Amino acid sequence: MKPAPFDYVRPGSLEEALQALAGHPEAKVLAGGQSLVPLLSMRLAAPALLVDINDLPGLDHVRADADGVRIGALARHAAVLADPDVARVQPLVPLALADVAHATIRNRGTTVGSLVHADAAAEMPMVLRLLEGSIDVAGPGGRRTIPAAELYVGPLESSLHHDEIAVEAFFPALPAGSGVAFEEIARRHGDYAMCGVAAVVAVEGDRVVSARAGYLSVSDIPVVVDLTEALDGSVQPAALAAAADAALAQLDPETDIHATADYRAHLARVLTARVVTAAHDHAREEQR
Amino acid sequence: MGQKVQRVEDDRLVRGAGRYVDDVAPDALHAAVLRSPHAHARIISIDVDAVLDVEGVHAVWTYEDLEGAMAEPLPLLIPHPTLTHGRTQYALAKDEVNHVGEAIAFVVADDRYVAEDALARIVVDYEPLPAVVGIESARSGDRLVHDDVPGNVAASMEQSNGDAPAAIAGAPHRLSLDLHIERSACMPMEGRGVVARWDPDQGRLQVWSSTQTSTGVRAAVAAKLGLDLGQVDVITPDVGGGFGVKIVHPWPEELLVPLAAQRLGRPVKFTEDRREHFISAAHERSQVHHVEVGFDDDGRVLGLDVRFWHDHGAYTPYGLIVPIITSTQLLGPYKPGAYRVRFDSLYTNTVIVTPYRGAGRPQGCFVMERTMDAIAAELGKDRADVRAANFIQPDEFPYEHGLIFQDGRDLTYDSGDYPAMLDKIKELVDWDGFESFRAAKAAEGKRVGLGLACYVEGTGVGPYEGAHINIETSGKVKVATGLTSQGQGHQTAFAQIVADELGVRFENVEITTGDTRRMPYAVGTFASRAAVMSGSAIHLAAKRTKEKALRIAAEALEADIDDLEIVDGVVSVKGTDTSIPLGTVAVLSNPLRYAFDEASKAATQFSVGDPGKPPVAEDDEPGLEGKDFYSPPRSTFASGMHAVIVETDAETAEIRILKYAVVHDCGHLINPMIVEGQIHGGVAQGVGGALYERMAYDESGQLLNASFMDFLMPYVTEVPTSIEIDHLETPSPLNPLGIKGAGEAGVIPGSAAIAAAIEDAERAVLPGFGITAMPISPSELFALRAAHTPRDAQESK
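Chains A and B, in that order, are what the protein sequence lines are.
Going by my numbering, the letters in the first sequence line up with residues 1 to 288, in that order.
Going by my numbering, the letters in the second sequence line up with residues 1001 to 1797, in that order.
No wet-lab data here; the hints were simulated from the structure.
None of these values were measured; they are calculated from a predicted model.
Where hints are given, some of them may not hold.
Examples of chain A residues toward chain B, derived with CB under 7 Å [stated by the list, open to error]:
{"no.": "1", "residue": "Lys2"}
{"no.": "2", "residue": "Leu81"}
{"no.": "3", "residue": "Arg88"}
{"no.": "4", "residue": "Val89"}
{"no.": "5", "residue": "Pro140"}
{"no.": "6", "residue": "Ile185"}
{"no.": "7", "residue": "Arg188"}
{"no.": "8", "residue": "His189"}
{"no.": "9", "residue": "Tyr263"}
For every residue, glycine included, the Cβ atom is placed at its ideal position computed from N, Cα and C.
Assemble the whole structure, with the sequences as input and the hints as a guide.
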């Protein structure tokens, strides 16, 4: 469990980092290393060059304002999770972050790193898609913004180009009259979930005017389903069942050693009802 | 004895100040092993040419490079007459590999990075062969692991007491059950590891190994390398857990590393990584069992007939210990009217199977306790009452089962009180109040269930252990025993025994374990034997040391021995202030020609002794020392009962443990805190075995979950937050301290108790619901619920 030989640079500026990436088609960016380093040690990945971005200035910020939450590429999960403004502006972010692995991994791992690692079993890519956030990337031609809907193109595959570095993620603020909820079921606390569901529900009075849910570990990229029509304004059992049916039509769970496809589908159904109800209740509280 | 003394080793260990094998010899070269990617294949050729010019590589070996005894198969450690087709591997594979992970080539390099780079350059041409994976495939016999082992059967064994089939046929009630336990493994935090240093000036080999038997490794290394035993020292430093896997020896690396140190003239180190531990150490537990049982209206078992199939993996280096233990310890605290057990030990193309904490008992306990629950369900009786009807009674000890145990001795229980224990566990878990608890939970929409499991554990197997005690002139007490420590708290528990017997301060006692330089006669740490075996030997050696101290002190104080006592390291005449410290007694015990400090002047030739007699009497020895050995006639049998309450989530099928209660009897307690710690750890492993851990082999023999990401050991978040413990102390008559082993106990009834609790929770909603295989995951519980039909309920009735 020792990595194959690789070169390593630790540039002090974004420009130098981008140059290093551009010069090596086999280069990988290293930030928190919580996914990459195990892959290296198991020799499942053997990049020729690691570009360690931990010395880049000005990328460890966590900012929350009326628009939403902006998270720099070097902000650790733990810093985001501990930020009270984040919880106020977009409560779904800390709700999901609390289930990202374990405290020691959150101390080191970065939220942006997790987003661009593009694991469909990870919490934050799904949350970014559900909230219709985006990431800013820097590349040789300057900066661009990739909307979450265009970010995830396949299993562990994002639409970032090889010579680009993700520098910031943006999670939009929770609109007034909306509520959120998140729940996942994992074999052990902190494991990748067998299924996880998050929901954003907007209400007028008691009536649901919009409901969307995001799903993890039940498809090969994070999936978001609009449940508004299926719910038809209600969170009564029949409406929730219809919503789960609508969601399942768009999911493709697989069997692995931890759970069968049937069981994952069942969990998606159970969790859809639970989180839509909880997000609805949250929205009602927010109204008061 | 009997005090909750805080473990003195913990401060060092939890602060990261432990010293493990990998910490030894930081200047050593590093070894890495090329391991088979195939479960079963013929090796056509191995090409190492590309490795030879890698900078920093010092050696690359295959089987062709081994000579003499090293080129012979590894030893079959525990032969047995019924093990007619025992097979062991070679240190490096010869012609054929029989599991993914089997060692093929060995590289020594400047560091582990270079060594692994070199491994990647070795080219092996394999002819893949069909793999035998799982008991069903092994039983069918249409593919063979070893060409010369028909039917894949390593051994078939049968034992019986009475005519079980006839007793079953004549019984008023009969049931049959098929029961399965899955594979798991020990998974110590520290994997295997070995360091060797050859000293050409002295012609000596020093070996450090993360082992449970330093004397065993020493004997094997000497025999394989053609060295005299006296040329080899084996030292076991801190060991980060063993749980059984490290009693297996010699591992290929335990021979190859010393050989490399000798051939290269440089210290060499091998530190196993986690993936290697999964695919090249050892596993345990997988067995399939068929039970036939006949019983009367009270649930008394009149005849019990068990047939089971043991998945032994690719080789049988540790003999039949695991299935023999299942076949005998299955009986637990019960006395069936007649018993027959038969097993086949089967080869498969998977990692070898050797004892893992519990060693066949968790399977036996699962079989017996599931049978008890089935009898209770069949008769509509209370599950505890059915068990009570089958208990061996307190006045029936010593109780002979009429079987032969794993140590080749009669299966004879020395002592116990099972009815009293059942009363305690029922009280601890509130057995009688459970139905009202269930009703209250049901009103909240929750399913809860209660399970109970009882076991008896043969502990403290022979042949022997020894101890040597030396009191230095400073008064410090140096104790050496040969078995090893891998976290049990021996420094604490053994020092308690010495402090008690010798009358010295606990903190003045220093314990050395697992160092063949200090105690070359020893067996090892396994089978819950350290306290019983070394504890007793240390007690006996302390007695001898005390006798000598009192004899010398009596002379010095001109007092009668019977008037002396030793308190806090000072010998005094009772009721007077006439006294002499033990350090001074030590000075007097060793007549000197040369003084080296003020105190030692008292022992020089003009100060001490009768000038008319030899300074050391004919029947005496210099030094304040004592040495003794303890060798019991047979094992001593500890026992316990676990009760657990679980909640099964009606929607998600998640399984939560609400309460876990343990009553444990290991005779007299040396240190209740250590015993409770052992129980906590055992329960955690039991929960792992019941709800999380399995070896996910695919049909081709690839292990799909060979990492801690996918092999699910319980985290602290999965272990019950409080484990309620009560003790019962029925002393063993077999040893001077009246103690029994406690190391493995906590893990034994985990699967049995938790299966019973889950079944109980589900039956409240799904009548006739049954659990016949463990571990169980939420996904599997969900599938069982979905597959359960009212017809099942009818049939199981």
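To see whether the hints hold, each was checked on the structure:
1. Lys2: Hint holds; Lys2 (chain A) Cβ to chain B Cβ min 5 Å, cut 7 Å.
2. Leu81: Where the cut-off is 7 Å and the nearest Cβ of chain B is about 17 Å from Leu81 (chain A), the hint is violated.
3. Arg88: Hint on Arg88 (chain A): violated, closest Cβ of chain B at ~28 Å, above 7 Å.
4. Val89: 30 Å, violated
5. Pro140: With a minimum Cβ separation of about 33 Å from chain B (threshold 7 Å), the hint on Pro140 (chain A) is violated.
6. Ile185: 6 Å, holds
7. Arg188: Interface hint status for Arg188 (chain A): holds (5 Å vs cutoff 7 Å).
8. His189: With a minimum Cβ separation of about 4 Å from chain B (threshold 7 Å), the hint on His189 (chain A) holds.
9. Tyr263: The hint holds - Tyr263 (chain A) has a Cβ within 7 Å of chain B, the shortest such distance being about 4 Å.
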